[in-house]
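Undergrad: One-letter residues, chain by chain:
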Amino acid sequence: MNRAPNTEDLLRALAPQVLGVLVRRFGDFDLAEDAVQDALLAAATQWDTEGPPANPRGWLIQVAQRRMADAVRAEVARRRRETAVFVREVPVEAAHRDDTLDLYFLCCHPDLPPTGAIALTLRAVGGLRTEEIAAAFLVPESTMAQRISRTKKRLAEMNEPFADGAADTARLSAVLRVLYVIFTEGHTSSSGAGLRRADLSTEAIRLTRALQALLPENTEVSGLLALMLLTDARRGARTGPHGELVPLTEQDRSRWDRTQITEGLRLLTAAMSAGLTGPYLLQAAIAGLHADAARVSDTDWARILQLYTMIERLGPNPMVTLNRAVATAMVHGSAAGLALTDTVAEPLARSHRLPAVRGHLHEMAGDQAAALAEYRRAATQTASTPERDYLLLRAARLRTNGVTGASSEVDARTSIE
Amino acid sequence: MKYMLVKTYAKAAYCDTPVHEWAPEDIAAHIDFQRTLGEQLAAAGELVDAQGLAGPDQALIVSGDGRSAPVVTDGPFPETKEFLAGYWIVDVDSAERAVEIAAQASAAPGPGGKPIGEHIEVRPIMSAPAAE
Chain A
7 MNRAPNTEDL LRALAPQVLG VLVRRFGDFD LAEDAVQDAL LAAATQWDTE GPPANPRGWL
67 IQVAQRRMAD AVRAEVARRR RETAVFVREV PVEAAHRDDT LDLYFLCCHP DLPPTGAIAL
127 TLRAVGGLRT EEIAAAFLVP ESTMAQRISR TKKRLAEMNE PFADGAADTA RLSAVLRVLY
187 VIFTEGHTSS SGAGLRRADL STEAIRLTRA LQALLPENTE VSGLLALMLL TDARRGARTG
247 PHGELVPLTE QDRSRWDRTQ ITEGLRLLTA AMSAGLTGPY LLQAAIAGLH ADAARVSDTD
307 WARILQLYTM IERLGPNPMV TLNRAVATAM VHGSAAGLAL TDTVAEPLAR SHRLPAVRGH
367 LHEMAGDQAA ALAEYRRAAT QTASTPERDY LLLRAARLRT NGVTGASSEV DARTSIE
Chain B
111 MKYMLVKTYA KAAYCDTPVH EWAPEDIAAH IDFQRTLGEQ LAAAGELVDA QGLAGPDQAL
171 IVSGDGRSAP VVTDGPFPET KEFLAGYWIV DVDSAERAVE IAAQASAAPG PGGKPIGEHI
231 EVRPIMSAPA AE
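These protein sequences, in sequence, are chains A and B.
Those letters in the first sequence? Residues 7 to 423, per the working numbering, in order.
Those letters in the second sequence? Residues 111 to 242, per the working numbering, in order.
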């Protein structure tokens, strides 16, 4: 098929909206998806020869709705009367509300298992094919297809999966968490095989940007988008010539993406004008401070420490405490930082991040033997190859060169899971 | 034909020094070698999958009778040297080719860039009989 690219873009943008309308109305995800596929196919062939209609969205809704009604009629005879009502309905009022938002809420329903929610979001809101999602998560396509259909079945069994009102805040935070997990997956996994169309981080940013356009006043949504942009801006500098991880403090800052940083900071500033609340906005503020520092030594660690303390106040979280320990070490010295890591030794006993941070803090304190032991422990505990390689190399360099002032900086990846 | 090339923590034939005692540039060269090998196999259309496994202290053993809660323990495990460290699954034309790949992988560089002679087990993957 030789489609003009603008038809393709248009269809990709409209597909989740149309799917949202149909799922919202009819409640049957599977049938709705089939109907939308049919409508998209019809549009792709028709619009190229005849040009797009005056109201492409309305056109798609109408066609999809007709297919849907056909399917329902054929499949469930006893629902014939309802079907007639569906068909009579004109999709005008649907245009007043963007149902894409409902689609986000539905796909990220808090009662769905996270893996299912992620897959469904990428598929229904992001328009990715099952094959592409499977490739991104390095699982066979059939596995991913099963996961998606299981998730849809779970949705079908739920009572009023669209119910909103007071629950909306909880629903929104579930949506944000799913988007953040998608982003993090793309950001941390550096396995060779990626998405064919776009990588997961880029996709997460695209989806969050779309959500932010729907909810421009929500500071947590803006905060998450800013956080993603500011973090993703460092992507090019995060790995060295051998694919090894380069910690934040050693990155070549001239390789950070200034366009993304500017956009992130702009979003951050706008959202912060209403006050500094919510974990994503606070995290974005920290990322913003890192982005603002032209050199590592310019980093405003005192402010970062303050921000981590604020995040911790929102809810105790050992990972945040670990990050606060890093900031504490930068402000009050390595001993104070190490003392703080002791307080999370138990909840983080199986995480390699604890020994990794302790290794850095010992190195900073000049205790080479302790640093080596911690790095080695972290290297055996991590399940990530690039991280293991990084830790092995770090330890080897420490052994060869001894402790140097230049390496006395720390990077603990932030996390609010 | 699919083969699994199995890597354990066994001592390599020509190298006694554990990796965490190598010089940084030797570690970097070793990592590069592994990455390049993976890319070569992928480019040749022979790579199905390759994974490194997290270390022994992350491993658990599970047994269950199908009714009561399963028993989960962190052992007993075989000796560390027999412990599975990682694998490649390759899809190749012949057993000879599988051996060739294993030999290439075994010659990964170690201290001073000398091949370490890792012991790599080559195991054919069983398959269903060909459909008529």
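The set of hints was computed from the structure by calculation and includes no laboratory data.
Careful: at least some of the hints might be erroneous.
[Claimed, not checked] Residues on chain B that point at chain A, a partial pick, calculated with CB under 7 Å:
1) H130
2) P134
3) I137
4) V158
5) A164
6) G165
7) G196
Bear in mind the structure is a predicted one, so any value in this text is a computation, not a measurement.
Quick reminder that beta carbons are idealized off the backbone N, C-alpha and C, glycines included.
Undergrad: Using the nearest Cβ pair, does P134/B come within less than 7 Å of chain A?
TA: OK, holds: P134/B within 7 Å of chain A, min 4 Å.
Undergrad: Can we keep the V158/B interface hint, with Cβ of chain A closer than 7 Å?
TA: Hint violated; V158/B Cβ to chain A Cβ min 11 Å, cut 7 Å.
Undergrad: Quick check on the hint: I137/B CB to chain A CB, less than 7 Å?
TA: holds, 5 Å
Undergrad: Report holds or violated for the interface hint on H130/B, using the least CB-CB distance to chain A and a cut-off of 7 Å.
TA: holds, 6 Å
Undergrad: Would you settle whether the hint for G196/B is holds or violated, based on the nearest Cβ-Cβ distance to chain A being less than 7 Å?
TA: violated, 9 Å
Undergrad: Please check whether A164/B passes as an interface residue: C-beta within 7 Å of a C-beta belonging to chain A.
TA: holds, 5 Å
Undergrad: Going by Cβ atoms only, is G165/B closer than 7 Å to chain A?
TA: Interface hint status for G165/B: holds (4 Å vs cutoff 7 Å).
The structure fails to meet hints 4, 7 from the earlier list, while all remaining hints are met.
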